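Student: These protein sequence lines map, in sequence, to chains A and B. For the first sequence, this note's numbering gives the first residue as 3, with consecutive numbering after it. For the second sequence, this note's numbering gives the first residue as 134, with consecutive numbering after it.
Derived by calculation from the structure, the hints in this document are not laboratory data. All values derive from a computational prediction rather than experimental measurement. Check each hint, because a few of them may be wrong.
The list that follows gives simulated cross-link-like pairs (lysine-lysine, DSBU-like), each with its CA atoms no further than 35 Å apart [said to hold, decoys possible]:
1) A:53 to A:63
2) A:20 to A:63
3) A:53 to A:20
4) A:96 to B:352
5) A:70 to B:352
6) A:53 to A:96
7) A:70 to A:53
8) B:374 to A:63
9) A:20 to A:70
DEER-style ranges, computed between Cβ atoms [stated by the list, open to error]:
10) A:76 to B:327: 25 to 31 Å
11) B:384 to A:137: 29 to 35 Å
12) A:90 to B:230: 19 to 25 Å
13) A:45 to B:427: 47 to 53 Å
14) B:402 to A:33: 20 to 26 Å
15) A:132 to B:374: 24 to 30 Å
16) B:391 to A:60: 20 to 26 Å
17) B:323 to A:41: 37 to 43 Å
Stretches of chain B that chain A covers, calculated by requiring three or more beta carbons in the stretch to come under 8 Å of a beta carbon on chain A [claimed, not checked]:
18) 172-182
19) 379-385
20) 388-395
21) 401-411
Every residue gets a Cβ at the ideal spot worked out from N, C-alpha and C, and that includes glycine.
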Amino acid sequence: MDDLLLDTSVVSFLLPFKIRPEQKLYAPHLAGRRLILSFQSVAELWLLARKNAWGNCREEKLRMFLRKFLVVPADDGLAEAWAEVTATSARLGKRLETADAWIVATAFHYELPLVTHDRDQLILQELGGRVITELP
Amino acid sequence: MAVRDLALIADAFERAILRAAEVILEGRTRGRGRKPKAIEEQCRLFLVGWRSGSAVASFEVGPRNQLFSEVAEPALGAVIDGLAQIQDEGASLDRIPRASRAAMVELARLRPLFDRAIERLEIVGSDDIQRRAVVDQQSAVIIAEAVRRVPQPERLVVTGRLDRLDGHEGLAGTLWDRDGRVWTCTFPPALEAELPALWRRRVEVVGMGIAAGPDARGKLEVETIRPVEGPLEERGRRFWKAPSLDQLAIEQGVGPIGTIEELLSVWGEERLESDPFQELMAERARRRLEARAARD
């Protein structure tokens with residue numbers, strides 16, 4: 003089975019805003035795959051909801067939407083991977099912000115391809131991981 | 134003096150020294166892993182002299198090596214000091230140090246001696262142990278009575294956290310119960326396979342034992358053990374032993390999607406007022422800027 007870790011940037015194209023061209027670009031990558039989210043992405047999506055005061059009905063739909071993904075929680079191994087990617091990035095002269103590092107670490111730890119539309123996360127390739135992106 | 138009485142005295146003191154040594158080693162990091170056999174050898178008494186008259190027997194304890202000063206010497210000191218405290222101060226058993234108290238349990242066997250024309254036993258240390266103590270009718274009665282009150286093993290059910298497992302000297306573990314009391318648990322070989330998975334978890338153990346007191350470890354010969362955990366403990370355990378992605382997928386009821394329409398259909402007629410991608414990237418840019426400013 004092909005698993006994919008989706009960054010929040012790609013998930014945001016699946017939220018109910020006017021259809022962005024990126025949604026069509028990423029759709030073929032996601033079809034037929036088990037889609038995985040880091041707990042950090044779940045937190046970022048909830049932040050969007052709370053900052054924009056979505057209200058109960060829309061938040062309930064967000065819950066249903068999130069249930070379609072496999073969510074990976076933090077654990078001992080992931081914490082070590084977070085430290086590894088953060089330290090290695092620093093050695094490479096590239097700073098990974100704490101929250102970004104959780105997502106990159108999840109891909110790194112579980113050896114999952116990371117589907118992202120955020121340039122800062124392309125560092126995963128330099129750490130030996132695989133990135134799928136439609137960034138120009 | 135009857136030979137059987139001399140044998141009883143020697144045997145009771147030898148066991149008393151060994152019991153005191155065991156208690157002393159419980160409280161130390163160094164020496165804890167010593168083989169019981171080595172400790173036993175070190176605490177063995179040897180009759181090395183005999184004088185007639187008032188019957189003066191000389192004993193030596195173990196060979197003079199490193200274990201002598203670490204184990205035998207302090208254990209012998211605990212025996213003599215415990216006797217001296219009971220004789221001189223009339224101290225009850227629960228007011229003397231634990232090592233001495235453990236030794237007294239063995240010395241309680243001396244009580245019948247004083248019904249057989251022996252008036253007193255005088256124990257005099259030599260060389261490094263310049264201490265003396267006396268056991269007479271009165272102190273023998275104190276010891277025997279106090280020991281009689283020592284609790285007997287009973288069937289117990291204890292709930293606590295299995296914190297330490299030790300396979301060096303039989304299969305033993307340390308359990309902390311909810312009241313903060315410490316239990317030494319001994320497990321039968323049949324439970325050996327189950328124990329690693331129960332380490333650091335809250336468990337219920339059932340077996341024969343002696344209850345823990347505020348300053349004394351409980352002891353339990355475990356017959357059965359099972360995990361008992363609340364949701365918070367379960368989460369804590371999962372942090373250290375995380376399930377695989379496949380296990381998580383089963384728990385969360387998630388499989389592969391067909392097309393992204395399956396995801397989009399959840400939203401129905403909902404339409405957001407602002408672009409979530411732009412908002413997300415703005416939020417990330419703000420965080421990254423803050424992190425950079427904090428570093429600089």
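Student: Which numbered hints are broken by the structure, listed smallest first?
Tutor: 4, 5, 12, 13 and 18
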